[in-house]
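K.L.:
One-letter residues, chain by chain:
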Amino acid sequence: MAGDENLACPPLQLMQFQNLGFGLGLRTAHYEDILASHPRVDWFEALSENYMVRGGKPLHYLERVRAEYPVVLHGVSLSIGGTGPLDLEYLQALRTLVDRVEPSWVSDHLCWTGTARQNTHDLLPLPYTEEAVEHVASRILQVQDFLRRPILIENVSSYVNFNQSEMTEWEFINQIAERADCLLLLDVNNVYVSGFNHGFDPHEFIDALPAQRIQQIHLAGHSNCGTHIIDTHDAPVIDEVWKLYGYTIEAIGPVATMIERDDHIPELATLVSELDQAREVARKATRIAAPAQPAIRSA
Amino acid sequence: MTFLAELQGRFQRYIVHSDDAVTRDIAGPNDAYREERLLIYYRAYRLRLIAALAVDYPTLKAYVDETRFEQLATAYIEARPSIVRNLRWFGDAMSGFLRNDPRFSSEPILAELTEFEWAQGLAFDAADAKQLGFDELASVAADHWPQLRFVAHPSMQLLASQWNVVAIWHAQRDGKKLPPASSLEQLGTIAVWRKDYKTYFRTLDRDEACLWRTLVSGAAFSEACSRLATEMGMDEAGAAQRAAQLLRSWVDEGWIQGFDIVSHD
Numbered sequence: 001m002a003g004d005e006n007l008a009c010p011p012l013q014l015m016q017f018q019n020l021g022f023g024l025g026l027r028t029a030h031y032e033d034i035l036a037s038h039p040r041v042d043w044f045e046a047l048s049e050n051y052m053v054r055g056g057k058p059l060h061y062l063e064r065v066r067a068e069y070p071v072v073l074h075g076v077s078l079s080i081g082g083t084g085p086l087d088l089e090y091l092q093a094l095r096t097l098v099d100r101v102e103p104s105w106v107s108d109h110l111c112w113t114g115t116a117r118q119n120t121h122d123l124l125p126l127p128y129t130e131e132a133v134e135h136v137a138s139r140i141l142q143v144q145d146f147l148r149r150p151i152l153i154e155n156v157s158s159y160v161n162f163n164q165s166e167m168t169e170w171e172f173i174n175q176i177a178e179r180a181d182c183l184l185l186l187d188v189n190n191v192y193v194s195g196f197n198h199g200f201d202p203h204e205f206i207d208a209l210p211a212q213r214i215q216q217i218h219l220a221g222h223s224n225c226g227t228h229i230i231d232t233h234d235a236p237v238i239d240e241v242w243k244l245y246g247y248t249i250e251a252i253g254p255v256a257t258m259i260e261r262d263d264h265i266p267e268l269a270t271l272v273s274e275l276d277q278a279r280e281v282a283r284k285a286t287r288i289a290a291p292a293q294p295a296i297r298s299a
Numbered sequence: 001m002t003f004l005a006e007l008q009g010r011f012q013r014y015i016v017h018s019d020d021a022v023t024r025d026i027a028g029p030n031d032a033y034r035e036e037r038l039l040i041y042y043r044a045y046r047l048r049l050i051a052a053l054a055v056d057y058p059t060l061k062a063y064v065d066e067t068r069f070e071q072l073a074t075a076y077i078e079a080r081p082s083i084v085r086n087l088r089w090f091g092d093a094m095s096g097f098l099r100n101d102p103r104f105s106s107e108p109i110l111a112e113l114t115e116f117e118w119a120q121g122l123a124f125d126a127a128d129a130k131q132l133g134f135d136e137l138a139s140v141a142a143d144h145w146p147q148l149r150f151v152a153h154p155s156m157q158l159l160a161s162q163w164n165v166v167a168i169w170h171a172q173r174d175g176k177k178l179p180p181a182s183s184l185e186q187l188g189t190i191a192v193w194r195k196d197y198k199t200y201f202r203t204l205d206r207d208e209a210c211l212w213r214t215l216v217s218g219a220a221f222s223e224a225c226s227r228l229a230t231e232m233g234m235d236e237a238g239a240a241q242r243a244a245q246l247l248r249s250w251v252d253e254g255w256i257q258g259f260d261i262v263s264h265d
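Just so you know, the protein sequences line up as chains A and B, in that order.
If you read the first sequence in this note's numbering, its first letter stands for residue 1, the second for the next number, and so on.
If you read the second sequence in this note's numbering, its first letter stands for residue 1, the second for the next number, and so on.
It is worth saying that the hints were derived from the structure and are not from the lab.
None of these values were measured; they are calculated from a predicted model.
It cannot be assumed that every hint is accurate.
Listed below are the simulated EDC-like cross-link pairs for lysine to aspartate or glutamate, each with C-alpha atoms no more than 20 Å apart in a straight line [claimed, not checked]: (1) Lys57(A) / Glu102(A); (2) Lys198(B) / Glu102(A); (3) Lys195(B) / Glu236(B); (4) Lys130(B) / Asp260(B); (5) Lys198(B) / Glu32(A); (6) Lys57(A) / Asp65(B); (7) Lys198(B) / Asp252(B); (8) Lys130(B) / Glu63(A); (9) Lys243(A) / Asp201(A); (10) Lys284(A) / Glu274(A); (11) Lys177(B) / Asp65(B); (12) Lys198(B) / Asp33(A); (13) Lys195(B) / Glu63(A); (14) Lys195(B) / Glu32(A); (15) Lys198(B) / Asp128(B); (16) Lys130(B) / Asp56(B); (17) Lys57(A) / Asp260(B); (18) Lys177(B) / Asp252(B); (19) Lys57(A) / Asp128(B); (20) Lys57(A) / Glu253(B).
So, partial list: chain B residues that the calculated Cβ filter (under 10 Å) puts toward chain A [to be verified]: (21) Gln12; (22) Glu78; (23) Pro81; (24) Ser155.
Here a beta-carbon is modelled for each residue, glycine too, at the ideal position from N, C-alpha and C.
Using the sequences and the accompanying hints, generate a full structural model.
P.N.:
As structure tokens, this is what we get:
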């Protein structure tokens with residue numbers, strides 16, 4: 001009997017965001033081209049902070065792009081791992097932007113950006129400790145309550161590990177996602193970069209993540225300095241990252257995927273071609289992929 | 001204080017103030033490794049902020065050249081660690097810094113160029129508002145004109161100018177050799193504003209600056225005309241005629257978002 005099953009296993013409230021397909025970061029240099037050429041792009045990711053302004057061209061173009069494409073918002077300033085108080089002014093500005101844009105979803109990074117009221121404007125690493133799990137998870141819950149929606153948290157590239165870490169990065173992400181009941185933005189390039197920098201196998205990282213929580217994937221290029229890799233988003237995605245992306249899709253099924261380019265930004269057509277490569281890698285991987293899983297949030 | 005808070009404090013002090021106490025927290029085979037990895041964050045902090053300032057101040061950068069711009073930007077970064085959430089606002093205090101810091105205050109052109117470029121940024125993403133049209137103004141009954149009080153478009157700013165910043169800006173935009181700094185014969189005024197998502201600026205004559213300042217401070221049209229006559233030594237009729245002419249150009253340029261009619265009650 002269905003009722004008995006429910007008693008045995010408390011029901012989960014399924015919150016399934018649509019798989020938006022293949023997207024690009026929305027960049028100022030491409031505004032006119034996007035509106036004029038209607039490129040082969042399924043959706044755009046807008047950097048939240050760029051549109052937390054009072055008016056003018058940025059919001060004008062964002063709204064015009066939004067009228068024609070799904071848009072998601074991606075922030076760099078939430079500082080979800082920061083130990084200062086959550087910045088309510090920032091959260092209010094984000095909520096205002098969310099109300100205006102009606103994005104498919106909202107994301108930021110699993111990091112901290114500053115403390116003692118200062119801001120380094122960088123995505124700084126956290127120690128993988130029980131204390132940090134508890135701290136970050138409780139802040140994600142507060143943010144989700146404030147925004148009245150689940151958020152996606154993205155793994156960052158890192159260049160140091162802390163002596164005090166008590167677990168791996170993937171265990172850290174798993175525990176936070178579970179306790180905060182949030183979704184994940186998996187940056188496959190960041191997994192590759194951090195794997196290189198810290199000597200772990202990126203496949204082990206991918207295998208360990210809760211597939212049903214991965215709502216979006218980022219792909220990007222980076223700069224290899226020999227002894228370490230820096231996550232610069234200024235170059236095409238490299239072959240090893242394409243392979244890791246294919247491996248990821250085989251493991252978790254189709255997921256909304258986009259390419260980030262923040263420097264040395266090429267013509268829109270060049271990025272659209274690179275996005276076609278993502279479609280092709282995903283198409284091949286999907287043939288042998290596990291079935292797509294809806295994102296799950298417990299009630 | 002929790003361990004996490006203490007660790008973040010040490011990490012930030014390394015990035016912002018070069019305090020290397022955090023080195024003991026970093027895992028790695030040796031000090032050289034730890035230093036190499038920490039330096040990535042140390043350098044990225046400065047490079048990111050310098051890049052943001054270069055976006056805000058391209059003319060200043062061209063005027064002082066790349067090397068000196070880096071020195072100037074680094075001095076600003078060291079003096080004023082960022083406390084803003086959004087990088088858009090980090091350069092906000094640059095003109096005040098250049099005006100007051102003894103390393104730069106002997107060259108007032110630097111602060112004035114900075115103020116001019118920052119005003120253009122403010123106009124670029126100032127709040128949206130409608131821009132008053134001629135038809136709306138024409139519909140005002142003649143006997144209400146003396147009581148008209150105008151509201152400036154949110155992007156509209158007036159700057160005092162003592163130096164040839166406009167000539168330097170044009171040369172930079174056109175890729176020409178930048179002229180040396182030279183002071184103007186008399187203090188000038190520059191208006192900066194946005195219309196149809198494009199940022200504009202132009203210089204103002206003394207009478208125009210006087211009338212605009214009076215009107216946007218809340219004076220009614222008739223009061224502003226009287227003030228114009230007094231300040232510029234004009235007769236009342238001449239001042240009213242000049243004011244009407246200026247008002248037409250302001251409406252055309254989009255400086256005004258609306259008006260109300262001052263009640264005598």
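K.L.:
Next step is simple, just say for each hint if it's right about the structure.
P.N.:
Verification of the supplied hints:
| no. | hint | result |
| --- | --- | --- |
| 1 | Lys57(A) / Glu102(A) | 19 Å, holds |
| 2 | Lys198(B) / Glu102(A) | 26 Å, violated |
| 3 | Lys195(B) / Glu236(B) | 32 Å, violated |
| 4 | Lys130(B) / Asp260(B) | 14 Å, holds |
| 5 | Lys198(B) / Glu32(A) | 14 Å, holds |
| 6 | Lys57(A) / Asp65(B) | 29 Å, violated |
| 7 | Lys198(B) / Asp252(B) | 14 Å, holds |
| 8 | Lys130(B) / Glu63(A) | 17 Å, holds |
| 9 | Lys243(A) / Asp201(A) | 13 Å, holds |
| 10 | Lys284(A) / Glu274(A) | 16 Å, holds |
| 11 | Lys177(B) / Asp65(B) | 12 Å, holds |
| 12 | Lys198(B) / Asp33(A) | 18 Å, holds |
| 13 | Lys195(B) / Glu63(A) | 18 Å, holds |
| 14 | Lys195(B) / Glu32(A) | 18 Å, holds |
| 15 | Lys198(B) / Asp128(B) | 12 Å, holds |
| 16 | Lys130(B) / Asp56(B) | 26 Å, violated |
| 17 | Lys57(A) / Asp260(B) | 28 Å, violated |
| 18 | Lys177(B) / Asp252(B) | 33 Å, violated |
| 19 | Lys57(A) / Asp128(B) | 10 Å, holds |
| 20 | Lys57(A) / Glu253(B) | 18 Å, holds |
| 21 | Gln12 | 5 Å, holds |
| 22 | Glu78 | 13 Å, violated |
| 23 | Pro81 | 5 Å, holds |
| 24 | Ser155 | 8 Å, holds |
Consistency note: the structure conflicts with the earlier hints numbered 2, 3, 6, 16, 17, 18, 22.
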